[in-house]
Amino acid sequence: MSFVKAFLFEPETKTFSKLDPRTKIIFLTFFWVSTLLFNRMIIQIILFTSLVLIGLISGFKEKIKDMVKGSLIFTSLIVVINYFYYSDVDVSLGMGLRFLVLMVSSSIFFASTPPEDLGLIFNYFKLPYSLSFALETASRFIPTIALEAQEIIDAQRSRGLELDKGGFLKRIKNYIPILIPLIVNAVQRSLELAESLESRAFGASNKRTYSKKLKFSKLDYLFSIGMGIALAVMIYSAAFLKIEEIVTLHSLIKVF
Amino acid sequence: MEQIEVRNVTFKYKGSKKPSLKNIDLKVKRGDFVLIIGPTGCGKTTLLRTMNGLIPHFYEGDMTGDVYVEGVNTKDVKTSELAQKVGLVFQNPDNQFITLNVEREISFGLENLGLAEEEIRGIVRETIKEFNLEKIKDKPPYALSGGEKQKVIIAAILAMNPDILVLDEPTANLDPFNARKIIDLLHIINKEKGKTIILVEHRTYYAARYANRVVVMSKGEKISEGSPREVFLKEIIEEVGVFVPFPVKLYKFLTLNWKPISTVPLTAEETFKLLRGSNDAGKSYPSHKFTF
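Protein chains in written order, with my numbering: chain A, 1 to 256; chain B, 1 to 292.
Since the hints were derived computationally from the structure, they do not count as laboratory data. Ideal Cβ placement from N, Cα and C applies to all residues, glycine included. A portion of the hints provided could be inaccurate.
Result set (DSBU-like, lysine-lysine): computed pairs, CA atoms no more than 30 Å apart in a straight line [as the list claims (entries may be wrong)]: (1) B:K135 - A:K212; (2) B:K137 - A:K61; (3) B:K139 - A:K207; (4) B:K129 - A:K212; (5) B:K29 - B:K78; (6) A:K212 - B:K78; (7) A:K65 - B:K139; (8) B:K75 - B:K181; (9) B:K135 - A:K213; (10) A:K5 - A:K126; (11) B:K139 - A:K212; (12) B:K137 - A:K212; (13) B:K137 - A:K14; (14) B:K129 - A:K215; (15) A:K18 - B:K139; (16) B:K137 - B:K29; (17) A:K14 - B:K139; (18) B:K29 - B:K139; (19) B:K135 - B:K29; (20) B:K75 - A:K207; (21) B:K75 - B:K193; (22) A:K207 - A:K5; (23) B:K193 - A:K212; (24) B:K181 - B:K193; (25) A:K170 - A:K69; (26) B:K129 - A:K14; (27) A:K5 - B:K137; (28) B:K139 - A:K218.
Pairwise CB distance ranges (calculated) [what the hints assert, rightly or not]: (29) B:S227 - A:T144: 40 to 48 Å; (30) A:E10 - B:F272: 53 to 61 Å; (31) A:T15 - B:R125: 23 to 31 Å; (32) B:G122 - A:K218: 25 to 33 Å; (33) B:V240 - A:N174: 16 to 24 Å; (34) A:L127 - B:K78: 20 to 28 Å; (35) A:E10 - B:E270: 50 to 58 Å.
Generate coordinates for the entire structure from the input sequences, incorporating the hints supplied.
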């Protein structure tokens with residue numbers, strides 16, 4: 001669950017959360033583009049460290065912890081597979097770190113952006129509202145469904161179901177009596193939700209309006225310009241300086 | 001002209017053998033407070049669904065007959081368009097709370113209608129004030145009680161300013177205290193705002209006093225209709241399994257075993273007044289309000 005939890009919006013107000021959603025998009029773009037530009041470990045370490053620093057300063061310690069913990073197995077898998085493929089520690093660790101950068105930056109983005117702001121960004125980029133609505137509904141219902149799952153677990157346990165018994169496969173099988181009612185309820189819930197959407201005039205007007213407005217503050221300008229410059233530097237050093245060929249793990253080992 | 005007119009409607013859901021509604025006729029006037037009662041599975045919910053076009057637009061099945069809302073056949077308009085005339089409130093507040101906080105929940109429907117920003121903000125501000133939601137306006141649904149959620153949903157529906165409010169067991173998931181508060185709220189909406197209320201409710205004791213008409217359904221058919229004081233006296237009500245308000249039960253018992261009483265009481269207060277009046281008229285009544 002820690003993996004899912006890391007993507008949930010945190011209603012507590014933090015300075016980072018108050019930034020304009022467009023600023024956060026720039027933040028996300030910076031990390032996604034930079035991490036995909038480079039393959040080797042050194043740059044990825046720098047990116048990951050700066051990302052974690054921004055996260056810690058903005059108060060997303062728990063989210064980062066959840067995310068790293070949740071993606072640990074997958075990250076190790078990426079490192080191992082890349083090692084078999086390239087037989088290069090530098091690149092395979094770089095790939096693992098890249099995955100972490102992608103996941104942690106997305107987690108900070110989603111944790112700091114109220115789902116309704118996603119609607120505003122989608123609207124800003126002329127993307128269909130139904131997409132952002134799907135995201136908004138997901139974050140609305142994940143806590144509700146998690147609560148329901150717990151209720152079903154309690155109910156099945158009180159009927160004698162033992163969840164933590166048996167080998168690996170048996171344990172997975174144990175969860176079938178939890179999943180079936182959970183899925184049936186979710187379908188029922190979606191029907192009821194669809195009914196209430198109808199009675200709230202969902203899709204009545206082609207031009208949906210938004211009661212909230214996007215607004216750039218001084219901090220937004222500062223942050224976006226900083227991130228923009230950093231992104232330009234990253235692209236320049238990747239494309240023209242070929243920095244990766246100069247600063248490799250081997251060259252660093254030679255220097256020290 | 002009737003505000004809602006259900007004309008000889010029969011409806012069978014796709015895949016089911018028996019029709020859920022059989023030859024239903026119903027007329028609702030502007031400002032009515034209609035209470036629909038009947039045992040579970042009698043077709044109450046289906047009847048409500050025909051009133052805002054969920055049937056036939058959303059649910060598939062065979063429908064004969066017509067439903068007119070303010071003179072417009074529901075077959076001819078989309079449900080989302082009818083939403084501006086008929087607001088529907090359902091049983092489970094959790095599945096109707098669409099967004100992540102109260103303020104946004106109220107603006108959601110208005111945004112869907114495409115109103116201007118300023119207008120939306122104005123309506124949201126007014127609605128929050130009117131329904132006394134200041135304290136909870138920034139709260140997410142999981143921080144609200146069932147009663148609060150249902151109140152917010154009613155507020156969100158009324159923000160869209162429909163003339164008719166249709167409610168399908170809105171208090172089913174609530175405790176008695178909050179159920180009472182929600183039904184009292186409906187009475188205020190009916191009296192002060194002049195909205196037509198159509199309510200399906202099992203807690204007949206709370207709802208009967210405010211309704212000016214009661215419709216009883218059983219097995220897809222309308223079996224009785226009239227003022228609450230008439231309808232709850234009928235023997236058939238108890239036979240189909242509807243809970244008769246206890247003042248009416250007491251009235252029945254007293255008229256049978258003691259002496260005739262002039263009118264059928266619907267509340268404890270009315271019962272008290274009637275009994276007092278019959279013995280020693282002129283004595284003053286206790287000044288505090290009855291709340292059970």
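The hints, checked one at a time:
no. : hint                        : in the structure
1   : B:K135 - A:K212             : 20 Å, holds
2   : B:K137 - A:K61              : 28 Å, holds
3   : B:K139 - A:K207             : 28 Å, holds
4   : B:K129 - A:K212             : 19 Å, holds
5   : B:K29 - B:K78               : 23 Å, holds
6   : A:K212 - B:K78              : 27 Å, holds
7   : A:K65 - B:K139              : 26 Å, holds
8   : B:K75 - B:K181              : 35 Å, violated
9   : B:K135 - A:K213             : 24 Å, holds
10  : A:K5 - A:K126               : 29 Å, holds
11  : B:K139 - A:K212             : 17 Å, holds
12  : B:K137 - A:K212             : 15 Å, holds
13  : B:K137 - A:K14              : 19 Å, holds
14  : B:K129 - A:K215             : 27 Å, holds
15  : A:K18 - B:K139              : 17 Å, holds
16  : B:K137 - B:K29              : 34 Å, violated
17  : A:K14 - B:K139              : 16 Å, holds
18  : B:K29 - B:K139              : 37 Å, violated
19  : B:K135 - B:K29              : 36 Å, violated
20  : B:K75 - A:K207              : 24 Å, holds
21  : B:K75 - B:K193              : 28 Å, holds
22  : A:K207 - A:K5               : 33 Å, violated
23  : B:K193 - A:K212             : 29 Å, holds
24  : B:K181 - B:K193             : 17 Å, holds
25  : A:K170 - A:K69              : 25 Å, holds
26  : B:K129 - A:K14              : 28 Å, holds
27  : A:K5 - B:K137               : 25 Å, holds
28  : B:K139 - A:K218             : 28 Å, holds
29  : B:S227 - A:T144: 40 to 48 Å : 41 Å, holds
30  : A:E10 - B:F272: 53 to 61 Å  : 54 Å, holds
31  : A:T15 - B:R125: 23 to 31 Å  : 27 Å, holds
32  : B:G122 - A:K218: 25 to 33 Å : 29 Å, holds
33  : B:V240 - A:N174: 16 to 24 Å : 44 Å, violated
34  : A:L127 - B:K78: 20 to 28 Å  : 24 Å, holds
35  : A:E10 - B:E270: 50 to 58 Å  : 53 Å, holds
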